[in-house]
Amino acid sequence: MEFREDIYLGFTAVLSVLASYNALFLSPADVEMGDLVRIFYFHLPPAIICYAALLVSVATGLIYIRTKDQRYDAVSESGAIIGLVYGLVTLIGGAVWANATWGVYWNWDPRETTTLILWFAYVGYFLLRMSVENPERRASSAAVFNVLAFLTVPLSYASFILWPSLHPRLGEGGGLGLTTSMVQALVMNIVAGLFIFGYLLKKTYERRLRMDSLESQLAEGA
Amino acid sequence: MPTEVLYVFALYWLATIGFTAWVVRVNMGLEKKLNKEGE
Chain C
1 MEFREDIYLG
11 FTAVLSVLAS
21 YNALFLSPAD
31 VEMGDLVRIF
41 YFHLPPAIIC
51 YAALLVSVAT
61 GLIYIRTKDQ
71 RYDAVSESGA
81 IIGLVYGLVT
91 LIGGAVWANA
101 TWGVYWNWDP
111 RETTTLILWF
121 AYVGYFLLRM
131 SVENPERRAS
141 SAAVFNVLAF
151 LTVPLSYASF
161 ILWPSLHPRL
171 GEGGGLGLTT
181 SMVQALVMNI
191 VAGLFIFGYL
201 LKKTYERRLR
211 MDSLESQLAE
221 GA
Chain H
1 MPTEVLYVFA
11 LYWLATIGFT
21 AWVVRVNMGL
31 EKKLNKEGE
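Protein sequence lines correspond, in order, to chains C and H.
Residue numbers for the first sequence follow my numbering, so the first one is 1 and each next one is one higher.
Residue numbers for the second sequence follow my numbering, so the first one is 1 and each next one is one higher.
Hints listed in this document are in silico derivations from the structure and should not be mistaken for laboratory results.
Among the hints, a few may not be true.
What the hints assert, rightly or not - Sample of chain H residues facing chain C (criterion: CB under 8 Å; computed from the structure): (1) M1; (2) V5; (3) V8; (4) L11; (5) Y12; (6) F19; (7) V23; (8) V24; (9) E31; (10) L34; (11) N35; (12) E39.
Being a predicted model, the structure only gives us computed values, none of them experimental.
Ideal Cβ positions, reconstructed from N, Cα and C, are used throughout, including at glycine.
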């Protein structure tokens, strides 16, 4: 069956609008946090997109090491681009939420700090890519670096378990005890986010393939 | 509605729409260049 991009994009747009409407107007306010809990519906999806994108990036990077197929490096690079963008969105959104609840944008909380380290690790990944000219060497060294950089993802995820943290946890006293309708709003936004991720991954991958084709056409013409 | 909610909502959607628009635009530009080179 042929993939219909217009139908996929239309479905994603409708789901996103419904999810946002649910999060902003239908889901109830939290007993402790009040309406500020709604930030969560727009803070968790970019974090999940970031983690998912980096997981795809490292997995395809490892496949590249085995196969030396540039298409896997293209997926790996695309995943890292998306991870970098949504990592920044997560960091800034988290800082706004921190200011609203803790009264300060940044307080070096373990979750904040490890996510910042994650983000800089992937900035390093792109600096490495830019510094190597040979495509095979660039892909290989980026894949190896990606494995090391990816260690920051479980570190960021588990940071509030490993160290004392103010970051809210789901379903705990003093944290976020979500009701059924809150969970519904959250799941809708996460699913919409994953559909967006799928579309962006496809588009960034196509961009890289077109860039490679153009480079090889120019090299043939020279 | 607290303004912080609207800030984070706007940040997420502006980033998503902006990133999507950028990648679609770059793809279109590359496609055009590829067609030109192929002629």
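For each hint, the structure was consulted:
1. M1: Result: holds, 6 Å to nearest chain C Cβ.
2. V5: Result: holds, 5 Å to nearest chain C Cβ.
3. V8: Since the shortest Cβ distance to chain C is 4 Å, the answer is holds.
4. L11: 6 Å, holds
5. Y12: 4 Å, holds
6. F19: With Cβ-Cβ at 5 Å, under 8 Å, it holds.
7. V23: 4 Å, holds
8. V24: 6 Å, holds
9. E31: Holds, about 6 Å.
10. L34: Constraint on L34(H) satisfied, holds at 6 Å.
11. N35: 10 Å, violated
12. E39: 11 Å, violated
Violated hints, in rising order: 11, 12; the structure is consistent with all others.
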